[in-house]
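Engineer: Going line by line, the protein sequences match chains A and B. For the first sequence, counting from 1, position 230 maps to 253 in our numbering; every step adds exactly one. For the second sequence, counting from 1, position 264 maps to 287 in our numbering; every step adds exactly one.
Take these hints with a grain of salt, some might be off.
Given that identical chains are not distinguished, each listed pair holds provided it fits within a single copy or across any two copies.
No more than 30 Å apart at the CA atoms, straight line, and that leaves these computed lysine-lysine pairs for DSSO-like [stated by the list, open to error]: (1) Lys195 x Lys261; (2) Lys29 x Lys143; (3) Lys99 x Lys65; (4) Lys361 x Lys29; (5) Lys340 x Lys169; (6) Lys65 x Lys245; (7) Lys29 x Lys99; (8) Lys29 x Lys261; (9) Lys143 x Lys245; (10) Lys261 x Lys340; (11) Lys65 x Lys261.
No lab work stands behind these hints: they were computed from the structure.
2 protein chains.
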Amino acid sequence: MSQIKKLSAGVTRTDKAMSDGRTIRYYDTDGASRDAVDQRQKEDQPTIGELRFDSLVNEWVAMAPHRQTRVFLPPKELCPLCPTVGESLTEIPEPRYNVAVFDNRSPSLRPPESGWELPKTQGPQTSTAPAAGVCEVVCYTSDHGKSFKDLSPAQVRTVLEAWRDRTAEISKLDFIEIIFPFENRGEEVGVTLSHPHGQIYAYSYLPPRAEKMLESAQAHKKATGRVLFDDLLAREIKDELRIVAQNAHWVAFVPYAARYPFEIHVAPRNPVPDLAALGEEACDAFPSIALEVLNRLEGVFNIPMAYIASWHQAPVKHDRDIMRLHWEITSVRRAPGKLKYLAGSESSMGAFIMDMRPEQSADQLRNVVLGK
Amino acid sequence: MSQIKKLSAGVTRTDKAMSDGRTIRYYDTDGASRDAVDQRQKEDQPTIGELRFDSLVNEWVAMAPHRQTRVFLPPKELCPLCPTVGESLTEIPEPRYNVAVFDNRSPSLRPPESGWELPKTQGPQTSTAPAAGVCEVVCYTSDHGKSFKDLSPAQVRTVLEAWRDRTAEISKLDFIEIIFPFENRGEEVGVTLSHPHGQIYAYSYLPPRAEKMLESAQAHKKATGRVLFDDLLAREIKDELRIVAQNAHWVAFVPYAARYPFEIHVAPRNPVPDLAALGEEACDAFPSIALEVLNRLEGVFNIPMAYIASWHQAPVKHDRDIMRLHWEITSVRRAPGKLKYLAGSESSMGAFIMDMRPEQSADQLRNVVLGK
Chain A
24 MSQIKKLSAG
34 VTRTDKAMSD
44 GRTIRYYDTD
54 GASRDAVDQR
64 QKEDQPTIGE
74 LRFDSLVNEW
84 VAMAPHRQTR
94 VFLPPKELCP
104 LCPTVGESLT
114 EIPEPRYNVA
124 VFDNRSPSLR
134 PPESGWELPK
144 TQGPQTSTAP
154 AAGVCEVVCY
164 TSDHGKSFKD
174 LSPAQVRTVL
184 EAWRDRTAEI
194 SKLDFIEIIF
204 PFENRGEEVG
214 VTLSHPHGQI
224 YAYSYLPPRA
234 EKMLESAQAH
244 KKATGRVLFD
254 DLLAREIKDE
264 LRIVAQNAHW
274 VAFVPYAARY
284 PFEIHVAPRN
294 PVPDLAALGE
304 EACDAFPSIA
314 LEVLNRLEGV
324 FNIPMAYIAS
334 WHQAPVKHDR
344 DIMRLHWEIT
354 SVRRAPGKLK
364 YLAGSESSMG
374 AFIMDMRPEQ
384 SADQLRNVVL
394 GK
Chain B
24 MSQIKKLSAG
34 VTRTDKAMSD
44 GRTIRYYDTD
54 GASRDAVDQR
64 QKEDQPTIGE
74 LRFDSLVNEW
84 VAMAPHRQTR
94 VFLPPKELCP
104 LCPTVGESLT
114 EIPEPRYNVA
124 VFDNRSPSLR
134 PPESGWELPK
144 TQGPQTSTAP
154 AAGVCEVVCY
164 TSDHGKSFKD
174 LSPAQVRTVL
184 EAWRDRTAEI
194 SKLDFIEIIF
204 PFENRGEEVG
214 VTLSHPHGQI
224 YAYSYLPPRA
234 EKMLESAQAH
244 KKATGRVLFD
254 DLLAREIKDE
264 LRIVAQNAHW
274 VAFVPYAARY
284 PFEIHVAPRN
294 PVPDLAALGE
304 EACDAFPSIA
314 LEVLNRLEGV
324 FNIPMAYIAS
334 WHQAPVKHDR
344 DIMRLHWEIT
354 SVRRAPGKLK
364 YLAGSESSMG
374 AFIMDMRPEQ
384 SADQLRNVVL
394 GK
């Protein structure tokens, strides 16, 4: 039995069970009926991994040894994210789809048995815990050869609706602390499947960088009574020289203290804690700026650009008044044939050295002549 | 005029001026006389970069735009770290050398004009500052085709003496906060020169990861009265199952919460704040364990292994009683043909997902049969 749910912007969601018990969700705007059945053999789900506390720096590290055997850059005809055609049984039973989101087959984090609680952290004595969380795969289109930047505005709107729906639904799980939709693009950043897709990681603990954002926001609130991200956005709008694109609802800029050769932050003018809280008009204005930004990035060198695109959202249960939704796109490509590597200073010390001024990077992005 | 200074273990240091005003220091055990003169044209030194405060996470980011044009994987005959032979004028004027350390030609950080002070941090209002610090290049051997693991124990002892000497001397500079000797090895981690060498970055600010180590150490001291790293080392010795190598003065282990497929920490049994404070016996016992560890790492897949080797030391001016010297070697190689990438979760959230249990990694390292 399919469940059909109506979302915004005419998007419907249809849920189907996969043969191994996972769920796939189809997001459609054309009222397509989703009846195809997963014909694959049942297989055992991997067991849950382990969280270990690295007390040297007070951070959780997730251990997911079952991921060692995951699929690695398969040829196109074996792509598990393509629709199922004939005998090629993929993750997606339907013969075509618009946007589909399914539970990751090799999840780094997965829902725990009931009664789960994050252990109290207390230095080296901190006990281990099951690596609780949710990992989902977001397929942007059934067209294997496309990239996010090639989607139509309507398709981006459907992807946004899927992200919003997943954020709203995963937020209800009591073991979730924060939800992180992201995309890794390009073999340079370790992508193992080239089909256009992103992922959602929902963590049961506050990851280190989110924790630092929260601490900074709390300190700023205490010192000034204001919301840190709002002040940062106001500075970017006032400085103007690092702005890359904007419309009535969104601003895209290279941040003042960018740490990658190309780094673009995209923020709604009307601040919200997460994707689910975005207003209808902001949602409708998102596809144009998203596509402009990604096409400017691609246009800098006119080669496929590796990037990581990350949605930062407020934690699910607390500090939602001081943490703001924004999208960070970072690229390690500093020239055709040259990448920025996170080596000794960045990787071991966390000290970023930027070879390019953010203003120069913003200039290059603005100067791209967009097609069409 | 050369200045000659006597160090431990029969090592002497001879300083020479380079044509552009930088300094090169030769470390020898054979009383070699270092008279060769840098014949190259004088050239202007790059200007100092800029520190910008990323108030979103309260971290300094260094901007060094002059580094864009640095030398990138030159052919062997143009290697700037080889000795000068005939017309090929390199960074090292002598026709052969043991260990040489010189000021980096494209430094990310450099000594400031007098009167420098790190600005008070206060959110988005924090002012910029000159990117003060010291960047040096440490050439391990004049033999272009070798790697650290191929050095003789005597040569490693001389490298160690050079690190110790640089740490002691740079510590005296009033604008230095912490000193970080490290090696990036392999194109996979962005090495731009394949000649066996490491670097020293001395920062005028506490880098984010060092700051987290310090905060954890302070919290542990307050909670227990003990030194965090000593407790962590004691656990590794007690647990035993992650120990990779040891001798009377050093212990090498895969840490309990390792975040890379291969990660080895090497610590002196007798805790010290930094390299300069190491006792004579610990120094003499270092080459054997260093070579064993790096050869085990190389032996896992019998292919050249990309790694980052990082010396973590106490800050120069404070908390020297609770921060401990240790050497962290991390490799992103998870299999021949497969790397671990720091993608969305690691890069944007700081949340590491480890595909291999640290105990399995330690097993693989221990099972390597060493040659000779």
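Engineer: Determine for every hint whether it applies to the structure shown.
Structural biologist: Okay, the hints, checked on the actual structure:
1. Lys195 x Lys261: Result: close neither inside a copy nor across copies, 38 Å intra and 42 Å inter.
2. Lys29 x Lys143: Cα proximity of Lys29 and Lys143: none, with 40 Å in one copy and 52 Å across.
3. Lys99 x Lys65: within (24 Å within a copy, 55 Å between copies)
4. Lys361 x Lys29: neither (46 Å within a copy, 42 Å between copies)
5. Lys340 x Lys169: Neither, since 36 Å and 54 Å both go past 30 Å.
6. Lys65 x Lys245: Neither: 54 Å inside a copy, 53 Å across copies.
7. Lys29 x Lys99: Neither: 33 Å inside a chain and 64 Å across chains, both beyond 30 Å.
8. Lys29 x Lys261: This pair counts as neither: shortest intra-copy Cα distance 40 Å, inter-copy 58 Å.
9. Lys143 x Lys245: both (26 Å within a copy, 17 Å between copies)
10. Lys261 x Lys340: neither (32 Å within a copy, 39 Å between copies)
11. Lys65 x Lys261: So Lys65 and Lys261 fail the 30 Å test inside a copy (57 Å) and across (43 Å) alike.
Hint compliance for this structure: hints 1, 2, 4, 5, 6, 7, 8, 10, 11 are broken, all remaining hints hold.
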